[in-house]
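J.: Sequence:
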Amino acid sequence: MTESGLVRISADIKYGGLGLPKLVQNALNEFVNGACISLGLNLLLTQGQIEALELFASEEIKDHVIPKLLSGDWYGTMNITEPQAGSDVGGIQTVARQIDSGEYEITGQKIFISWADADFSQNVCHLVLARLLDSPLGSKGLSLFLVPKYLPNSEGHYKIRNQLQILSLEDKLGLHGSPTAVVSYDRALGKIVGLPNEGLKAMFAMMNSARLGVGSQGVGVAEASLQSAENYALERVQGKSRDGQLLPISEYPDIKRMLAVMRAQVFVARAICSYCAYSLDKAKTTKDQKWVDRAGLLTPIAKYFGSETGVEVSLAGIRIHGGVGYIEETGVSQYFRDSIVTTIYEGTNGIQANDLLLRKLGKNGDTVRTLVDEIIEKISSMKPDGSINASFILEAANKIKEVTNWLMEQSDQSSRLAGAQAYLRSIGLLLGGYFHYLASTHSDANDNKKVMALVYFKRIFPQIHTLCDEVMVGCSDLDTIKFD
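Take the position in the sequence shown, starting the count at 1, then add 568; the result is the number in my numbering.
These aren't lab readings, by the way, just hints derived from the structure by calculation.
One or more hints might be untrue.
Straight-line Cα separation of at most 25 Å, DSS-like style, residue types lysine-lysine; simulated pairs [stated by the list, open to error]:
(1) Lys967 - Lys850
(2) Lys582 - Lys852
(3) Lys852 - Lys969
(4) Lys769 - Lys850
(5) Lys931 - Lys855
(6) Lys630 - Lys740
(7) Lys951 - Lys852
(8) Lys630 - Lys931
(9) Lys969 - Lys931
(10) Lys967 - Lys858
(11) Lys582 - Lys967
(12) Lys769 - Lys824
(13) Lys858 - Lys931
(14) Lys850 - Lys582
(15) Lys855 - Lys769
(16) Lys951 - Lys855
(17) Lys636 - Lys740
(18) Lys630 - Lys855
(19) Lys946 - Lys1026
(20) Lys1050 - Lys946
(21) Lys708 - Lys636
(22) Lys808 - Lys931
(23) Lys708 - Lys931
(24) Lys582 - Lys769
(25) Lys931 - Lys946
(26) Lys1018 - Lys824
(27) Lys636 - Lys855
(28) Lys759 - Lys769
Let's have the full structure, built from the sequences with the hints guiding it.
T.: Structure, rendered in structure tokens:
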């Protein structure tokens, strides 16, 4: 990967990166994830760590560490989760104590650490969230530390083993090519990244990069599963046509439907992740608050849609293979097993929906309204396409504006959060309709793009109205349920 330049794509040229847009990085990462999501996870974590270091680390750390990460001599990890602190990072108990050298001793235990150790790299750089001894409780008291597996000796060679160790490896449902471990720190030496008590701010630079990366993981797996299912459906012969010709199962209506829906879904997930990457590039280059807000809004949507698409498409791929899909020898079940975790790590998809609803809508929902108004304006200005009624998109867009107004009016937090996932999904489906419409009406659109758009609008897009209705149910039904 390093020889091909994949790690370097969007890193600053000052440190040996290529300085290319994140849009390019996102597209290339999808190829890696489609080939091997486990290896792609290593790339995702290292790219995210580089981004966090570029933004928050001291010049000394940046000049020394980033070139080694770019060269492949080192790779990076993210250490957040603890036994008692999963999604609630404010419960982190790992502590850091500053010593005379200015470095910090890190003590504590982290769990579910992806790529916690491997022998194909000279060193492993752990970014660890920990709490200084005099820091306040909760998430506002967390700081971020760079803790390498090996420390330098007197000659500057990284040969001295730091005081951290792998306690165990997890036996997982999927991602078997990626070691996931429990890591123990016993006064391990590290350096602070960013300011004390602002570790979450620095870590979120890595997490937001990773969230888009996880969306790309889902798209890569979905594409690989789709290709496998299409190839099998074309080759697998079952039954005969009315004139006695043997039929591949791809000719049966239900299989056709499944494959067409899979294609339409993959297109949407890829388009959303690409638009998110583009928005991040615009935010970085223009510093325009509109693009900063747009990128913030799209990040949880990209993570959600990419990962959910990976699961849904890979499950459909197993079903298209029929009985042999359930047999490990065919390998198609791996796509499903590998994709499930993408809906969980880097913030569960439920948390993505809560993040969008509580922090990304903007004042009075203005960030969403701006996006929806742009879609309405663009669609309204386009020449009508005979096969797809643009009014479908306009009606759905106005429905989402109505739901956004309803959410802004709710004083009860539970009523808002109960419909968070339905709300996020409805926005994603609207974006999907918008991108399908643009692709199908473009001057170079081929018949395949038009057919896929038609499938999307007839079989997937109508879900928006049901989802919007679900959002406005609030929490009235859930309040009556008690789990003993």
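J.: Run every hint past the structure and note whether it holds.
T.: Now the hints, each set against the structure:
1. Lys967 - Lys850: violated, 28 Å
2. Lys582 - Lys852: holds, 17 Å
3. Lys852 - Lys969: Cα-Cα ~28 Å, so violated.
4. Lys769 - Lys850: holds, 21 Å
5. Lys931 - Lys855: The hint holds at about 19 Å.
6. Lys630 - Lys740: violated, 34 Å
7. Lys951 - Lys852: Distance of about 33 Å is beyond 25 Å: violated.
8. Lys630 - Lys931: violated, 36 Å
9. Lys969 - Lys931: This hinted pair holds, its Cα atoms lying about 14 Å apart.
10. Lys967 - Lys858: Given pair Lys967, Lys858 holds - Cα atoms ~23 Å apart, limit 25 Å.
11. Lys582 - Lys967: The given pair, whose Cα atoms are some 47 Å apart, is violated under the 25 Å limit.
12. Lys769 - Lys824: violated, 47 Å
13. Lys858 - Lys931: holds, 13 Å
14. Lys850 - Lys582: holds, 20 Å
15. Lys855 - Lys769: Holds, because 18 Å separates the two Cα atoms, which is no more than 25 Å.
16. Lys951 - Lys855: violated, 33 Å
17. Lys636 - Lys740: Distance ~30 Å between Lys636 and Lys740 Cα, so the pair is violated.
18. Lys630 - Lys855: holds, 23 Å
19. Lys946 - Lys1026: With a Cα-Cα distance of about 21 Å, the restraint between Lys946 and Lys1026 holds, given a limit of 25 Å.
20. Lys1050 - Lys946: Violated, because 47 Å separates the two Cα atoms, which is more than 25 Å.
21. Lys708 - Lys636: violated, 31 Å
22. Lys808 - Lys931: violated, 60 Å
23. Lys708 - Lys931: holds, 23 Å
24. Lys582 - Lys769: Measuring from Cα to Cα gives roughly 24 Å; hence the hint holds.
25. Lys931 - Lys946: holds, 24 Å
26. Lys1018 - Lys824: holds, 16 Å
27. Lys636 - Lys855: The given pair, whose Cα atoms are some 29 Å apart, is violated under the 25 Å limit.
28. Lys759 - Lys769: Since the Cα atoms of Lys759 and Lys769 sit roughly 16 Å apart, the hinted pair holds (cutoff 25 Å).
Consistency with the previously given hints fails for numbers 1, 3, 6, 7, 8, 11, 12, 16, 17, 20, 21, 22 and 27, ordered from lowest to highest.
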